[in-house]
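A.B. asks: Chains as they are written, first to last, in the numbering used here: chain A, 1 to 278; chain B, 1 to 142; chain C, 1 to 390.
In short, the hints are calculated from the structure, not lab data.
Among the hints, a few may not be true.
To be verified - Once the Cα atoms are required to be at most 35 Å apart in a straight line, the calculated DSBU-like pairs of lysine-lysine come out as:
# : chain 1 : residue 1 : chain 2 : residue 2
1 : A       : Lys115    : A       : Lys253
2 : B       : Lys111    : A       : Lys221
3 : B       : Lys6      : A       : Lys10
4 : A       : Lys86     : B       : Lys137
5 : A       : Lys197    : B       : Lys93
6 : C       : Lys374    : C       : Lys80
7 : A       : Lys197    : A       : Lys149
8 : C       : Lys225    : C       : Lys238
9 : A       : Lys191    : B       : Lys137
Unchecked claim - A few chain B residues that don't get close to chain A, going by computed Cβ distances all over 12 Å:
#  : residue
10 : Met1
11 : Lys33
12 : Thr39
13 : Ala122
Values in this document were obtained by computation on a predicted structure and should not be read as measured data.
Note that CB positions come from ideal geometry on N, CA and C, so glycine has one too.
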Amino acid sequence: MSMDRRKFLKVAGISSILGFGASVASARNYDLQKGLVPPQVDANKEALTAKRWAMVVDMSKFKTDDDFKKVISACHTAHNVPDFRKADGSVDRKMEIKWIWKAPYERTFPGQDNKYMSEHMKEMPFMVLCNHCDNPPCVRVCPTKATFKLKDGITMQDMHRCIGCRFCMAACPYGSRSFNWTDPRTASNMKGELPNKAYPTRTKGVVEKCTFCSERLQEGKLPACVEAAPAGGILFGDMEDPDSEVRKIVTNKYTIRRKPDLGTGPAVYYLIGGGDHA
Amino acid sequence: MKIYNKGPVFLGIVIFLALALFPFYNNFGKTNKKPDPKTDTPEIIEYEKLNGKKECVESKAFMRGEHMVLLNDWRDGVVRDAYRGYISTSNGKRFNMSIQNGCMKCHSSKKKFCDECHNYMAVVPFCWDCHIQPKEKEETKS
Amino acid sequence: MLEKALEGSKKYWAWVFFLGGLAAVGCYFYFQQFMFGLGITGLHRDVTWGLYIGQFTFLVGVAASAVMLVIPYYLHDYKKFGKIVILGEFLAISAVIMCILFIMADMGQPMRVMNIMLYPAPNSMVFWDVVVLNGYLFLNLLIGWVTLGSDRKGIAPPKWIKPFIYLSIPWAVSIHTVTAFLYAGIPGRHFWLSAILAARFLASAFAGGPSLLIILALIVRKVTKFDPGKEPIQALGKIVAYAMFANVFFLGLEFFTAFYSGIPGHQHPFHYLYAGLDGHSELVPMMWTSSIFAIVSLLMLVVPSIRKNEGTLALACVMLFISLWIDKGFGLIIGGFVPNPFEEVHPYWPTMPETMITIGVWAIGLLVLTFLYKIAITVREQTVGVEIDH
Chain A
1 MSMDRRKFLK
11 VAGISSILGF
21 GASVASARNY
31 DLQKGLVPPQ
41 VDANKEALTA
51 KRWAMVVDMS
61 KFKTDDDFKK
71 VISACHTAHN
81 VPDFRKADGS
91 VDRKMEIKWI
101 WKAPYERTFP
111 GQDNKYMSEH
121 MKEMPFMVLC
131 NHCDNPPCVR
141 VCPTKATFKL
151 KDGITMQDMH
161 RCIGCRFCMA
171 ACPYGSRSFN
181 WTDPRTASNM
191 KGELPNKAYP
201 TRTKGVVEKC
211 TFCSERLQEG
221 KLPACVEAAP
231 AGGILFGDME
241 DPDSEVRKIV
251 TNKYTIRRKP
261 DLGTGPAVYY
271 LIGGGDHA
Chain B
1 MKIYNKGPVF
11 LGIVIFLALA
21 LFPFYNNFGK
31 TNKKPDPKTD
41 TPEIIEYEKL
51 NGKKECVESK
61 AFMRGEHMVL
71 LNDWRDGVVR
81 DAYRGYISTS
91 NGKRFNMSIQ
101 NGCMKCHSSK
111 KKFCDECHNY
121 MAVVPFCWDC
131 HIQPKEKEET
141 KS
Chain C
1 MLEKALEGSK
11 KYWAWVFFLG
21 GLAAVGCYFY
31 FQQFMFGLGI
41 TGLHRDVTWG
51 LYIGQFTFLV
61 GVAASAVMLV
71 IPYYLHDYKK
81 FGKIVILGEF
91 LAISAVIMCI
101 LFIMADMGQP
111 MRVMNIMLYP
121 APNSMVFWDV
131 VVLNGYLFLN
141 LLIGWVTLGS
151 DRKGIAPPKW
161 IKPFIYLSIP
171 WAVSIHTVTA
181 FLYAGIPGRH
191 FWLSAILAAR
201 FLASAFAGGP
211 SLLIILALIV
221 RKVTKFDPGK
231 EPIQALGKIV
241 AYAMFANVFF
251 LGLEFFTAFY
261 SGIPGHQHPF
271 HYLYAGLDGH
281 SELVPMMWTS
291 SIFAIVSLLM
301 LVVPSIRKNE
311 GTLALACVML
321 FISLWIDKGF
331 GLIIGGFVPN
341 PFEEVHPYWP
351 TMPETMITIG
361 VWAIGLLVLT
371 FLYKIAITVR
381 EQTVGVEIDH
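Use the sequences and the hints to build the structure in full.
C.D. replies: If you want it as structure tokens, here you go:
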């Protein structure tokens, strides 16, 4: 049979599109067609569960610089967070990755300060991290559902699926997310023995952030920052449990959250005035 | 039969053959030994001592063909649904759904196990970009 | 028809190889970025989108502007556009290809790009952007191929292409609206959180794209035997004038809301861009250039005697294109990220590899445009005197 070039190109073009489309359409979607369901898989018996994990931060319990360092170090060590330094030892802001860090009051709650407030007050440090919002803009914008809400309220990050588009970083109103601008294993603290051999690192080109230590909760442990904080500094519990410490505090004491008017519904509450609690 | 553009056509054929047959003439004379993944790590030997037999997550035949899909399912089960235990269909035992803290706890040498087949098949799975491979034990001849 | 792209004068091939060289340089630097990571760019934790996404945003607008030729010709029977509609459609194809390349260049894990299709997320505007952009590319390829093929034979195109042409009109509007939605729905970025952002995008698209088309038409008249004609160019000039007026007006509206309301969060990005903030004023010269060029070009376009003179018209179009390129391709993105959610100023400036990759993508886009225009113009040259009747 004879075929001219136009016809050949048309047939080739259409069959490529159909072939490509068919291979995409027939690929298994792990979200819709789950490979493993109970009873073949189950959660750990010792896992901590909740309907809605939340955190209360009481900055009055943080007294020295060391208190902050311990918390940040516990989190970053447990998760192999790379520590990029410049040649002179200072933090390399360009490559920096942080899951929890300290920020001054006037930056954590912009607009809440006033011109008569002392500089000392404005500079008071606060622990900031991902707020695991009820209505997170990052989840709304992710094109692959690589960031998503777990049933227990955690805003989780699937580093396997992330395509590194960084839309979630643009969408987060709190600046909680970090990106791997290069291979994290080139950072100074990642050469040689890795900080935590029981947890993976990430690779270049994916976004990461605090996960409320989902992997530790599965083993029945509290998040690393909660354990490392000074007594009562960071409380963690189930907001839907009327008997939990966090619920009692939020119901009966004054707490503030960051940028509440955006409707994100953050789950990290900052206690005003301090007080006695476990 | 009239052949148009003889020069470029024959040149193209020669270049094509040079490229397409490269794997064959490049490896001429070399032998590639059959992959031999070892299951005699100290941890597996210890397990065998305690339990009388070696027990993996699933049968050898299943794992050989399906471990890729299984690991993908484990990945989504752990990250997206917070499952942690996998009940084996071949021996009913519960295994920790983890590559670092599950699979590699027994198969503690990536070089002697995973790489054997992967290198033979020229497969480079990107698991190890993130997941930490266990430290290879040095060969001691004593 | 495609073989016409492979026949040309020495100048044609010199231009093609020049673009090819730039593209090759871009590929080299992209390979470096692929191996090292996006850290090779000037991006950092606070400014996570920069030159690549800015160029993507700007080029979606250029792609959408084909509709400014399609509407008068196909909906309102403005026969004068008959010979140049194809130039608009081919510009759209080239622009969409550049958009896709910029997105791929910006991704941290480009090998995982199929995840967007494998795990669709209808809640995400990026998902819809991928869908509508690819759809628009397909539409323009189909329409361009069919109509140009019919022109070459001197007959009217088949009737079944009409629904596709009519579909391309709302589709063009949709691609840029969806791209605007990427920005306009983000709660934490005051510079972008404005209902008029989508309207501003469309207005600047319908000014910038046709102004590029005017420049291209004038170049085509100079280097080929095909003359698009004085009247179509003048008609395009009027379209550009109206669209640019809307665009400048909308920008003025943004200024008003930000400064009359007095809300600091809304004002700070404008301060940073136009006056400098916290000692950082890197973008100030560029933004003022953009605004001055915008107003001057608008005035030139509005005065009929200046617009009717093709020399001054070309100058106005060049100034307008540069102004919009700075505004949408750079200032818009940075203004959303600076100051950051902590009200800190951490500036961004592209690095050399980043710039070379950007130039490489532009070179590929211009190469596609060159090939497509060569085909279209050769058909026009060979069918001189034949009535176009779509």
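A.B. asks: Next step is simple, just say for each hint if it's right about the structure.
C.D. replies: Here is what the structure says about each hint:
About 27 Å separates the Cα atoms of lysine 115/A and lysine 253/A, which keeps this hinted pair within 35 Å; it holds. Restraint check: the Cα-Cα separation between lysine 111/B and lysine 221/A comes to about 33 Å, which is no more than 35 Å; the hinted pair holds. Note on lysine 6/B and lysine 10/A: the hinted pairing holds, with a Cα-Cα distance of about 28 Å set against a maximum of 35 Å. About 34 Å separates the Cα atoms of lysine 86/A and lysine 137/B, which keeps this hinted pair within 35 Å; it holds.
At roughly 25 Å between alpha-carbon atoms, lysine 197/A and lysine 93/B fall within 35 Å of each other, so this suggested pair holds. With a C-alpha separation of about 21 Å, the suggested pairing of lysine 374/C with lysine 80/C holds against the 35 Å cut-off. Pair hint lysine 197/A plus lysine 149/A holds up; C-alpha atoms about 27 Å apart against a cutoff of 35 Å. Between lysine 225/C and lysine 238/C the alpha-carbon distance is near 25 Å, which keeps this suggested pair within the 35 Å criterion.
The straight-line distance between the Cα atoms of lysine 191/A and lysine 137/B is roughly 19 Å, inside the 35 Å bound, and the hint therefore holds. Every CB of chain A is more than 12 Å from the CB of methionine 1/B (nearest about 17 Å), matching its label as outside the interface. The non-interface label for lysine 33/B is consistent with chain A: the shortest C-beta to C-beta separation is roughly 31 Å, beyond 12 Å. The beta carbon of threonine 39/B is kept farther than 12 Å from every beta carbon of chain A, the shortest such distance being approximately 22 Å.
Non-interface call for alanine 122/B relative to chain A: holds, since the shortest CB-CB distance, roughly 21 Å, exceeds 12 Å.
The structure agrees with every numbered hint stated previously.
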